[in-house]
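> So the protein sequences, as listed, match chains A and B. In terms of this note's numbering, the first sequence opens at residue 1 and continues consecutively. In terms of this note's numbering, the second sequence opens at residue 249 and continues consecutively.
It is worth saying that the hints were derived from the structure and are not from the lab. Because the structure is a prediction, the values reported are computed rather than measured. Note that beta-carbon positions come from the ideal geometry of N, C-alpha and C, so glycine has one too. If a hint is listed, it holds; no wrong ones were tucked in.
Restricting the straight-line Cα-Cα distance to at most 30 Å, the calculated cross-link-like pairs of lysine-lysine (BS3-like) are:
| no. | chain 1 | residue 1 | chain 2 | residue 2 |
| --- | --- | --- | --- | --- |
| 1 | A | Lys-100 | A | Lys-216 |
| 2 | A | Lys-43 | B | Lys-438 |
| 3 | A | Lys-40 | B | Lys-346 |
| 4 | B | Lys-438 | A | Lys-40 |
Facing chain B, a subset of chain A residues (Cβ under 8 Å, in silico):
| no. | residue |
| --- | --- |
| 5 | Arg-11 |
| 6 | Gly-16 |
| 7 | Glu-17 |
| 8 | Pro-42 |
| 9 | Lys-43 |
| 10 | Ser-48 |
| 11 | Val-49 |
| 12 | Pro-52 |
| 13 | Arg-82 |
| 14 | Ile-85 |
| 15 | Thr-88 |
| 16 | Ala-89 |
| 17 | Glu-96 |
| 18 | Phe-239 |
Derived list of chain B stretches under chain A, where covered just means 3 residues or more per stretch with a C-beta under 8 Å from a C-beta of chain A:
| no. | region |
| --- | --- |
| 19 | 358-370 |
| 20 | 390-399 |
| 21 | 427-435 |
Chain residues, written in single-letter form:
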Amino acid sequence: MLEKVEGIVIRTRDYGETHKIVTIFSREKGKFGVMARGAKKPKSRTASVTQPFIHGMYLIHIGSGLGSMSQGEMISSLRGIREDIVKTAYASYVAELTDKLIEEKQPDPFLYEQFLQTLQWMSEGKDPNILTMMYELKLFQKAGFAPVVDQCVHCGSTEGPFSFSMAEGGLLCFRSKHRDPEAYGLPDPLPKLLRVFLHMDVKRLGAISMKEQNKKLLRQIIDEYYDRYGGYFIKSKKFLNQLDLFTE
Amino acid sequence: MYYPEPISKLIDSFTKLPGIGPKTAVRLAFFVLEMEEDDVLDFAKSLVNAKRELTHCSTCGHITDQDPCSICQDESRDPTLICVVQDPKDVIAMEKMKDFRGKYHVLHGAISPMDGIGPEDINVPSLINRLKDEGVEELILATNPNIEGEATAMYISRLVKPSGIRMTRIAHGLPVGGDLEYADEVTLSKALEGRREL
Numbered sequence: 001m002l003e004k005v006e007g008i009v010i011r012t013r014d015y016g017e018t019h020k021i022v023t024i025f026s027r028e029k030g031k032f033g034v035m036a037r038g039a040k041k042p043k044s045r046t047a048s049v050t051q052p053f054i055h056g057m058y059l060i061h062i063g064s065g066l067g068s069m070s071q072g073e074m075i076s077s078l079r080g081i082r083e084d085i086v087k088t089a090y091a092s093y094v095a096e097l098t099d100k101l102i103e104e105k106q107p108d109p110f111l112y113e114q115f116l117q118t119l120q121w122m123s124e125g126k127d128p129n130i131l132t133m134m135y136e137l138k139l140f141q142k143a144g145f146a147p148v149v150d151q152c153v154h155c156g157s158t159e160g161p162f163s164f165s166m167a168e169g170g171l172l173c174f175r176s177k178h179r180d181p182e183a184y185g186l187p188d189p190l191p192k193l194l195r196v197f198l199h200m201d202v203k204r205l206g207a208i209s210m211k212e213q214n215k216k217l218l219r220q221i222i223d224e225y226y227d228r229y230g231g232y233f234i235k236s237k238k239f240l241n242q243l244d245l246f247t248e
Numbered sequence: 249m250y251y252p253e254p255i256s257k258l259i260d261s262f263t264k265l266p267g268i269g270p271k272t273a274v275r276l277a278f279f280v281l282e283m284e285e286d287d288v289l290d291f292a293k294s295l296v297n298a299k300r301e302l303t304h305c306s307t308c309g310h311i312t313d314q315d316p317c318s319i320c321q322d323e324s325r326d327p328t329l330i331c332v333v334q335d336p337k338d339v340i341a342m343e344k345m346k347d348f349r350g351k352y353h354v355l356h357g358a359i360s361p362m363d364g365i366g367p368e369d370i371n372v373p374s375l376i377n378r379l380k381d382e383g384v385e386e387l388i389l390a391t392n393p394n395i396e397g398e399a400t401a402m403y404i405s406r407l408v409k410p411s412g413i414r415m416t417r418i419a420h421g422l423p424v425g426g427d428l429e430y431a432d433e434v435t436l437s438k439a440l441e442g443r444r445e446l
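Assemble the whole structure, with the sequences as input and the hints as a guide.
Pasting the structure below:
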């Protein structure tokens with residue numbers, strides 16, 4: 001039976017001379033793969049709607065295995081992303097991370113909304129680095145390995161100053177800091193920012209700015225945390241790490 | 249083992265080709281058995297020669313049996329105009345058009361954030377050297393109109409623009425013989441963006 005779903009293309013892979021296998025993250029069905037027959041032909045009507053980061057309505061047939069796409073209608077092309085290489089790099093990273101960390105065919109409308117909003121904000125020009133960190137923490141929570149950022153992971157204290165321990169998996173208060181001598185000391189706004197990033201709906205994000213050094217530290221902490229607990233190798237991360245080649 | 253070893257090896261070799269599954273491989277292998285011996289020898293020779301004698305042109309990166317390639321050696325071509333393409337197959341496609349009289353540069357791939365393919369993995373350094381040495385005035389970026397192609401075009405334009413060389417991107421829009429009614433929104437908006445005076 002054909003079904004209409006709203007979703008975003010998060011991955012495409014060529015199949016044969018003219019077909020594509022497209023992974024869509026949808027509101028109604030979660031993440032699933034479909035075969036788009038003929039999508040590589042220049043005159044194909046599905047050629048443009050099967051490009052990465054296209055937000056659209058898709059008419060699909062989902063079976064027990066790989067489904068097939070019969071039509072697609074674009075809602076938004078998120079053009080701002082594809083026209084800027086830095087945004088493309090961040091969007092590729094969040095899309096790949098989503099693809100790796102969520103289960104197939106398990107809908108999660110909240111995460112879908114967060115993902116869509118993250119891409120929309122990126123397209124509109126909000127800081128992609130901050131947006132990526134906000135979305136990553138929510139995704140870690142969904143995948144079951146979010147860091148403890150509301151209180152000290154050891155004693156439950158909410159009294160700072162805090163440091164971030166990789167080994168303990170979250171914040172350590174000054175009394176428990178001795179448990180991990182390698183914990184990163186966090187400057188004042190960061191523990192609060194971590195809480196905000198993890199719990200706040202991306203839709204509510206207004207103007208946000210962070211000191212460059214705080215942004216770098218938080219990026220380093222999240223990367224190291226993912227390497228320790230995440231497990232999957234993210235190919236687009238390599239590209240993201242080369243971004244200084246583009247911004248120089 | 250259902251087949252004698254020589255034919256089973258032949259089947260294995262055919263399955264290494266793209267789009268050839270086990271059934272097709274068996275059909276092709278049996279077809280080879282029916283072929284004249286001279287034809288089979290020619291076929292085998294062509295395979296080996298294609299692999300052994302072809303190399304990449306040290307100037308433009310196109311596949312060639314002589315270095316530099318015939319396009320780079322052709323003095324009737326305009327050396328100040330370089331068209332940058334992703335694959336050698338794209339050079340052939342452009343040459344079929346018979347309209348372009350400049351030279352080419354083959355990148356052998358495209359920057360792909362999704363696959364972690366960065367600028368270091370494609371043939372850009374030799375392009376930069378050519379721009380310095382050959383007095384290039386215009387660079388046409390003819391990478392594919394998808395995420396990877398756009399990312400590559402953006403990267404090269406960021407890299408080259410400060411040198412003052414004219415950078416152009418091939419037009420995107422409706423295919424010849426296509427139908428406006430069935431065109432999608434992105435293609436139409438690109439086509440409208442790139443409209444020109446009549």
